[in-house]
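Peer 1: All residue numbers for the sequence shown refer to my numbering, where the first residue is 1 and numbers rise by one.
If you're looking for bench data, these hints aren't it; they were derived computationally from the structure.
Just so it is clear, CB atoms sit at the ideal spot from N, CA and C, and this is done for glycine as well.
Pairwise CB distance ranges (calculated):
# : residue 1 : residue 2 : range
1 : S314      : K9        : 15 to 25 angstroms
2 : P66       : R210      : 52 to 62 angstroms
3 : N32       : R221      : 34 to 44 angstroms
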Amino acid sequence: MALRKYTYKLYPKQKQSEALLEQLRLHQQLYNAALQERIDAYRKCGKTITYNEQQASLTTIRSEMPEYKALPCTSKRMTLRRLDKAFKAFFRRIKNGESPGFPRFKSINRFSSFELLEPRFTHTDSGKHGRLFVAGVGHIKARGQCRINGKIKTSQIQYKHGHWWLSLAVEGDAVRRASASRACAIDWGVAHLLTIVEDDGRIEQIPNQRYYQSGKEKQERLQRSVSAKKRGSNGWKKACQKLSAFKRKQANQRKDAQHKLSNMIAGRYALIAMESLQIKNMSRSSRGTLEAPGKNVKQKSGLNREILDTAPASLISMIRYKAEEAGNEFVETPTKKLKPSQRCPKCLHTTKENRKSQADFTCVACDYRENADVVSGINSLSWALGLGQERVPEVYTSKPLLSVA
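Whenever a hint applies, use it, and build me the whole structure from the sequences.
Peer 2: Right, dumping it as structure tokens:
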């Protein structure tokens with residue numbers, strides 16, 4: 001059984017949209033009131049209020065505030081559960097020595113969604129699109145498609161950029177298509193988005209579209225327009241909307257390209273190996289502190305922007321779940337143990353001196369030369385095909401690799 005998330009676009013009528021906004025406002029007020037109660041209880045009495053204690057008071061809230069009677073009980077509980085998860089994450093980060101980030105009060109602009117535990121959603125006869133029933137709102141048309149048949153566990157209604165969206169968490173059997181027979185390893189990078197090394201020796205490099213760099217000039221112009229307007233004025237709001245629309249277009253372009261690329265990879269290969277990446281560590285700031293200032297801060301800041309612009313975590317997640325749906329295997333190679341970008345695929349000599357530059361790999365022991373991304377892919381594929389063994393497959397030792405364009 002697999003749990004998958006599918007998104008539909010909702011098309012409520014004007015009165016339905018107003019009713020949804022009112023329900024969203026009630027959930028936002030409930031969230032903030034529950035947060036205030038926890039803060040007051042700890043400050044005044046030194047007591048920690050739990051989720052069970054707060055959800056028990058929902059009966060009193062419904063009797064004293066009639067507007068909350070229209071909201072389903074399970075929906076209000078999910079809002080309280082949302083706050084409880086925020087506190088659990090807060091205490092977990094403290095325990096792990098991370099930046100804690102205490103739960104904050106949320107304005108209506110930062111509280112954009114609420115959940116339904118038992119959504120009443122029905123598909124059309126064709127299985128595409130459907131209708132959602134929300135108590136106090138009625139039936140709302142929805143456009144989208146769910147690729148698996150299963151039980152809807154939870155749903156989330158979100159208001160974003162003037163549009164309503166529905167996200168369904170569906171539990172069911174993943175779609176199984178005819179599996180491919182080839183194997184590959186994928187190396188993610190900035191110079192090239194992906195370097196694909198196949199088990200027959202073929203190599204393909206996917207170019208990085210660099211959405212941030214291509215739209216940098218226009219984004220800066222829109223940001224200057226926002227700064228030039230008086231905050232809160234109609235002109236300022238219009239400038240903010242234009243900037244938001246531009247960023248949203250970039251995000252949609254990136255997401256569309258990632259879906260197409262991940263779908264191609266997941267359907268082509270029976271085995272997909274990829275280096276385990278720590279995106280948070282890779283994009284960490286090098287600014288340092290006053291006592292120990294960082295080095296090359298400006299260059300590292302630019303690299304961080306390039307890394308985050310490719311959205312590697314999103315792309316890897318898409319490749320993983322689509323490979324599972326296709327009945328293919330996705331494995332992550334142990335980076336710290338294998339060190340694929342420093343290991344020579346010919347003699348297995350491993351040292352950071354093998355990397356002459358970001359793109360060039362030259363083994364100091366056997367003088368083996370190749371593109372660094374290709375070397376990383378070869379080592380990852382070797383590990384995956386050898387079930388953890390480090391010896392290079394015969395295909396790479398018996399004939400030279402294809403040249404990389």
